[in-house]
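In case you want the letters, here they are:
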Amino acid sequence: MIYEASTIAVVLFFVFVAIVLGLSFYFAAKTKSSSGYFAAGGTIHWAVNGIAFAGDYLSAASFLGICGMIAFKGYDGFLYSIGYLAGWIVALFLVAEPLKRLGKFTFADALDAKFNSKGIQLAAAISTLVVSLFYLIPQMVGAGALVTPLLGFPHWVGVMIVGAIVIFIVATAGMTSTTYVQFIKGGLLIIFSTILTFYIMNNGLSLKPDHDDQTYHEYITLSDDNMQGFTIVGEIDKDEMHFVKAEKDGVFRWFLQEGDIYKEALSITDTESGDRLYNGKPKEDRAFYQVGHLAKIVIDGKEVTETGPLGPMKYLSTIGQSEIVSFPEVKFEDGGNNVKCYIQKTVPGAKVLMPGLKFKIGEGADFWSRLNFISLMLALFLGTASLPHILIRYYTVPSQRAARKSTIVAIAAIGFFYVLTLFMGLGASVNGVLDVESSNMSGPLLAKAFGVGLFAIISAIAFATVLGTVSGLIVASSGAIAHDFIDRYLGKNLTDKAKVRAGKIAAFCVGIVAIVLGIIFKGMNVSFLVGWAFAVAASANLPAILMVLFWKKTTAKGVAWSIIVGAVLALGIILTGPTNCAKFYGMETAIQPLDNPAIISFTAALITLVIVSLVSQKDNATKIDIK
Amino acid sequence: MQHGEAAKLGTDHAQKKKQKLGVWLFWVYTIVYAIFVAIGVTNYEMMGKIVMGSQNLAVVFGFGLIVFAIILGIVYNQICTGYENKLNKEEDKK
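Protein chains in written order, with this note's numbering: chain A, 1 to 627; chain G, 1001 to 1094.
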């Protein structure tokens, strides 16, 4: 996609970043102890913590990833909203209060509270680091995607900016500033997403999605009788489709042949000489377009060209009866050039509003695709209650009652936002705003269609979202290194000051690793990546957390082995699955057919815990009884 | 090395009752969520059936799961607060 920066967007962006940094300076002066650095001293009000939970949770994955996936894959993206929210049920009913009772700074404290085991301390610290890194990748990818249209910088610059700011925030103030940044940003994200949804409803649906300063491209259709000056110079067959290459005024374009007509496709060509052409022209010629429109609008059984303002339910039912044009990618080689074509494909609205466009569970489904879907839904359900940066937030409030209440505030705020994601995602898919190169920008680009001011605010909030979530993750990681590993596992018995210093050095190192990973994973849907983080978290952490809380025969060895088996299996399945095999190893057939590991890795971790605990019962003689 | 919490917590005499209620409500929600996933993989076409006010089952069930989670959370909090107020007060009097 070709972007140019807008002044108002740049100004608002820097105002937001300045506020975030100002908060960090302010709280830095107040944070002296390790309790203040890692757990905000346990003094945060439950309502503030609840919205901060929402701020932590509504990360790049929710606003950028889910909206983008709904825009490109319909209801399948909304499955993430449903699963992410359902995960809070596990957190509220099973984990929130007991974890608050057992822990101090990190979730490893809670796991180890009854055992004082080196094995648990090490395994939990490693698991926290692995899960946090997996969760950091999509945040950094989202940051890069955001900065490109906002400031006109390339992806890697965006990743570097976020990394640098977050390292600064975390290295100065820790959990208190992270909490207040998340509170402000979580609240603003929900308010402005509601405003954006209002704009979508008020705008209604139209066959020609033009906006004030944004005219939608008129797609050309050629026929043998009317070639409009184009001359066919090449033909290629790919995936049972026939593509023709046509030339006009020295520019080469691609069309999809259907019978005796030729439908215009968007194309990105990487030439042998290393140039990249957009629709046959260099980037500077701005010949590439945003996409996403309706082929047919049917409201109350009548076909219309536009609807005018619609209510939320009418909006959904009208899309359900209409037809949407999506732009799937087809790759092929043309001589020595690599070509990516984005072809017009009409999809019935009824199909968009049910699962199946991304996850194969209906037509064309097999055993493995169904298992993949079940595994994803399991990971989303079980992952929330085992995410380290979410779990540490239970230690920032003063009581168990406050932990419970803040979870309920979080569920209400997050649930409301997730309902909005369906409207924002569908709105993006029919308003001519989609960037075929990155689904992640669908939400902010939709806001841009309704005005640069709204785009600037939404983008700045989304950027702050990334800042806040990355801060929380880095605090969790630095706690795992400084508190769990150095202080407890290595038994260094650090002074309070030394522990905070070790945490800040750890934060710096984790931040650097996150920057590198954010650059490597450019272009992947951030919600899809977060799905992996959930799977690793659910497999490595949740069996241990639940069994420590609910099964008296659990032993330290059982907990440690369960974490190791869960993490290794989840990582192994992800790294050998279809997505990674295709993206990183260039393999057309994956080593194994599952992308989502939770159904195997969670179950295996649970079984491991039970078996190891049963054979190591004598260890429980030294177990500490905590009421 | 054993240590305490970031904030000092008092004794909670309602803990067992709250835990039991939490487990019970967890299973209620889990069963409804499992039905949603099961329909998706075993009877996919059913998701497209119009069931309420021209909305299909996928939309109604999806929104329903989100709203159900919020309602269960509020009910859980009300009951737990009742337990805490009653049991912790009674124990304090003893």
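Think of the hints as simulated: they come from the structure by calculation, not from any bench.
Among these hints, one or two may not hold up.
[To be verified] Computed beta-carbon distance windows for the label pairs:
| id | chain 1 | residue 1 | chain 2 | residue 2 | range |
| --- | --- | --- | --- | --- | --- |
| 1 | G | I1074 | A | G453 | 34 to 42 angstroms |
| 2 | G | V1028 | A | A365 | 44 to 52 angstroms |
| 3 | G | V1028 | A | V157 | 46 to 54 angstroms |
[Stated by the list, open to error] Short derived list, chain G residues pointing at chain A, Cβ under 10 angstroms:
| id | residue |
| --- | --- |
| 4 | G1022 |
| 5 | Y1029 |
| 6 | Y1033 |
| 7 | V1037 |
| 8 | S1054 |
| 9 | F1061 |
| 10 | A1069 |
| 11 | C1080 |
Cβ atoms here follow ideal geometry from the backbone N, Cα and C, with glycine treated the same way.
Hints, one by one, checked against the model:
Evaluation of the 34 to 42 angstroms hint for I1074/G and G453/A yields a pass: the beta carbon distance comes to about 36 angstroms. The supplied range of 44 to 52 angstroms is broken by V1028/G and A365/A, whose beta-carbon atoms lie about 29 angstroms from each other. Hint check: V1028/G to V157/A, Cβ distance near 49 angstroms, so the stated range 46 to 54 angstroms holds. The beta carbon of G1022/G comes within 4 angstroms of a beta carbon in chain A, closer than 10 angstroms, and the hint placing it at the interface holds.
Hint on Y1029/G holds. Least Cβ distance to chain A is approximately 5 angstroms, under the 10 angstroms limit. With its C-beta approaching chain A no nearer than about 5 angstroms, Y1033/G sits inside the 10 angstroms limit, and its interface hint holds. Taking 10 angstroms as the C-beta cut-off, the interface hint given for V1037/G holds, the closest approach to chain A being about 5 angstroms. Checking S1054/G against chain A by beta carbon gives a least distance of about 4 angstroms; that is within 10 angstroms, so the hint holds.
Annotation: F1061/G was flagged as interfacial toward chain A, and the flag holds, the nearest CB pair being 9 angstroms apart, inside 10 angstroms. For the restraint placing A1069/G at the interface with chain A, the shortest Cβ-Cβ distance is roughly 6 angstroms, inside the 10 angstroms limit, so the hint holds. The closest approach between the C-beta of C1080/G and any C-beta of chain A is roughly 6 angstroms, which is under the 10 angstroms cut-off, so the hint is satisfied.
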